[in-house]
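According to this note's numbering, the sequence shown holds residues 1 to 91 in order.
Please note that the accuracy of each hint is not assured.
As the list claims (entries may be wrong) - The calculated lysine-lysine pairs, modelled on DSS-like cross-linking and capped at a C-alpha distance of 30 angstroms, are: (1) LYS57 <-> LYS40; (2) LYS65 <-> LYS40; (3) LYS40 <-> LYS76; (4) LYS37 <-> LYS87; (5) LYS57 <-> LYS87.
To be verified - Across the chosen pairs, the derived CB separations fall in these ranges: (6) ALA81 <-> GLU22: 14 to 20 angstroms; (7) LEU69 <-> ASN44: 16 to 22 angstroms; (8) SER20 <-> GLU61: 32 to 38 angstroms; (9) ALA81 <-> ASN31: 17 to 23 angstroms.
I should point out that these hints are in silico values taken from the structure, not numbers from a laboratory.
Every value quoted in this text rests on a predicted model; they were computed, and no experiment measured them.
For every residue, glycine included, the Cβ atom is placed at its ideal position computed from N, Cα and C.
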Amino acid sequence: MWATAKLMRDVCLPRFPKISIELANQLRDGNIPDNNKDVKCYINCVLEMMQTMKKGKFLYEASLKQVDLVLPDSYKDDYRAGLLKCKDASA
Numbered sequence: 001m002w003a004t005a006k007l008m009r010d011v012c013l014p015r016f017p018k019i020s021i022e023l024a025n026q027l028r029d030g031n032i033p034d035n036n037k038d039v040k041c042y043i044n045c046v047l048e049m050m051q052t053m054k055k056g057k058f059l060y061e062a063s064l065k066q067v068d069l070v071l072p073d074s075y076k077d078d079y080r081a082g083l084l085k086c087k088d089a090s091a
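Produce the entire structure from the sequences given, and follow the hints as far as they go.
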């Protein structure tokens, strides 16, 4: 899981030079600042690399596949519940 996250970070960070490693670490830990376009674009880059978003649209089924492929079993139920909330919010 962490190797996959590092790969995505290594691809997306150079595309958004205003995102420091420290800020990327804060994002990883769930500390997401409001109204920061660069942060939103960086997160979008990561989500598109994961194939869970495309052109600003949330891809629920693809997200479920990523949960099964990438996450340890102990995380899967919580992430599936969170994805279901995102699915309902994006409709």
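Outcome of the hint check:
Restraint check: the Cα-Cα separation between LYS57 and LYS40 comes to about 14 angstroms, which is no more than 30 angstroms; the hinted pair holds. Between LYS65 and LYS40 the alpha-carbon distance is near 23 angstroms, which keeps this suggested pair within the 30 angstroms criterion. For the given pair, LYS40 sits about 25 angstroms from LYS76 by alpha-carbon distance, which is consistent with the 30 angstroms threshold. At most 30 angstroms may separate the alpha-carbon atoms for a hinted pair to count; LYS37 and LYS87 meet this at roughly 23 angstroms.
The hinted pair formed by LYS57 and LYS87 meets the criterion: a straight-line CA distance of about 10 angstroms does not exceed 30 angstroms. Range check, ALA81 to GLU22: Cβ separation about 30 angstroms, and the 14 to 20 angstroms hint is violated. Between LEU69 and ASN44 the beta carbons are some 20 angstroms apart, a value that agrees with the proposed interval 16 to 22 angstroms. Against the hinted window of 32 to 38 angstroms, the Cβ-Cβ separation of SER20 and GLU61 comes to about 34 angstroms, which satisfies the hint.
For the pair ALA81 and ASN31, the supplied restraint of 17 to 23 angstroms holds, since their beta-carbon distance comes to about 22 angstroms.
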